[in-house]
Amino acid sequence: MSTPQSPLHLARRRAVQAVAATGAATLLLVGCGSSGSSDKASSDKGSPSAATTAGASTAAGSPAAPAAGDKRTVKDATGTAVEIPAEPKRIVTLTQEDLDAVLALGLKPAGITNGQGLNEPPAYLKDKVQGIPVVGNLLQPVMDKVIAAKPDLILAGDMQDQQVLKQLREITPATLVTMAPTDDWKLSFRGIGNALNKLEQANKVIADYDAKAVKAGGELGANKGAAVSIVRWNPTGPSWMEKKQFASGVALDMGLTRPKAQDKDGNAHTPALSLEKINEIDGDWLFLSTLTDDGKAALKDVQSKPAYQELGAVKNNHTVTVDGSVWSTRGGPLAADAVIGDIGKALAAK
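Residue numbers for the sequence shown, in numbering that gives the first Met the number 0: 0 to 349.
The hints are simulated quantities; they were obtained by calculation from the structure and are not laboratory data. Each residue gets a CB set at the ideal place from its N, CA and C atoms; glycine is no exception. Check the hints yourself; a few may be wrong.
Unchecked claim - Simulated restraints, written as ranges between beta carbons of each label pair:
| id | residue 1 | residue 2 | range |
| --- | --- | --- | --- |
| 1 | Arg168 | Ala260 | 40 to 50 Å |
| 2 | Lys259 | Gln308 | 20 to 30 Å |
| 3 | Val141 | Gln161 | 12 to 22 Å |
| 4 | Lys243 | Lys299 | 28 to 38 Å |
| 5 | Ala80 | Asp207 | 44 to 54 Å |
Construct the complete structure from the given sequences, taking the supplied hints into account.
Here it is, written out as structure tokens:
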């Protein structure tokens with residue numbers, strides 16, 4: 000889509016929280032069915048629940064590669080049981096979080112959507128998606144383009160539009176809602192990893208991320224533990240990100256803190272603030288992002304106003320402009336790596 004999430008869109012997402020309370024964790028609860036081999040259950044110690052793969056066992060007891068036509072059954076983030084290929088070959092992703100996850104697991108999708116608020120794929124993934132067909136905007140697939148991609152698995156993010164889901168499942172029944180509104184990125188990523196039969200690899204990616212975040216946080220010198228303000232500038236004003244929002248979580252994993260005014264649990268962002276409340280966005284460091292041209296124009300306009308210029312971070316030259324398609328989204332491993340890089344570049348240099 001070409002504009003930031005509207006209050007109506009946010010309200011719809013929050014309205015489904017009770018229905019989707021189990022979230023992407025349900026993607027980790029798997030049954031299996033094989034068209035050409037016996038079934039074998041196995042567990043992953045790094046996951047919060049048992050994961051089962053389809054396929055025959057080798058003499059050593061490890062699962063053999065699934066035969067062509069093998070199927071597995073997973074529960075998606077709404078708790079719906081969905082039969083999917085044991086080894087999907089043509090994956091279509093409808094959100095950049097799904098895309099990020101698939102790429103992080105070493106797979107190339109058959110179709111993708113544009114980034115949040117963009118009419119093109121996210122810039123941070125540009126080099127990795129060249130030549131991949133775009134089948135629509137974020138959570139707004141063009142069905143003819145999806146059909147042309149010939150998917151055997153569709154990862155539909157937090158899609159709540161039942162009519163769209165019905166159309167997608169007519170293209171392929173293997174269509175998964177991969178995340179619920181309350182899921183953090185690690186939980187969603189593990190669920191996607193399991194759906195792709197790569198849960199062990201997903202757990203390793205997260206373990207590597209955790210280690211990198213701790214190491215990077217320890218290299219910030221005088222800025223170790225600094226209070227970082229994470230803000231998206233909308234056409235109507237700034238919104239700061241709550242502590243469990245994606246980029247906020249990365250900062251906390253690095254040992255950083257949030258300003259007192261922003262020390263609030265949640266995985267969303269505040270309504271746009273007026274100039275009278277702009278002090279809420281202050282901190283030791285201020286990371287600013289936008290998603291639209293109107294947002295960029297609004298930020299440029301306010302930067303000449305006394306209320307903005309009086310912020311401590313502005314006076315100390317501690318403001319950093321970052322990519323909104325990375326910092327203002329739900330994120331994935333590749334976006335998390337980009338956030339670590341942005342923070343390290345800004346804070347370690349001071």
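Pairwise beta carbon distance, Val141 to Gln161, judged against the given window 12 to 22 Å: holds, 18 Å
At the C-beta level, are Ala80 and Asp207 separated by a distance inside 44 to 54 Å? violated, 31 Å
Does the Cβ pair Arg168, Ala260 satisfy 40 to 50 Å? Given a distance of about 44 Å, which is inside 40 to 50 Å, the answer is holds.
Go ahead and decide if the range 28 to 38 Å is satisfied by the Cβ distance of Lys243 to Lys299. Since Lys243 and Lys299 have Cβ atoms about 30 Å apart, the given range 28 to 38 Å holds.
With respect to the beta-carbon atoms only, verify the hint that Lys259 and Gln308 lie 20 to 30 Å apart. holds, 21 Å
Hint violations for this structure: number 5 only, all remaining hints satisfied.
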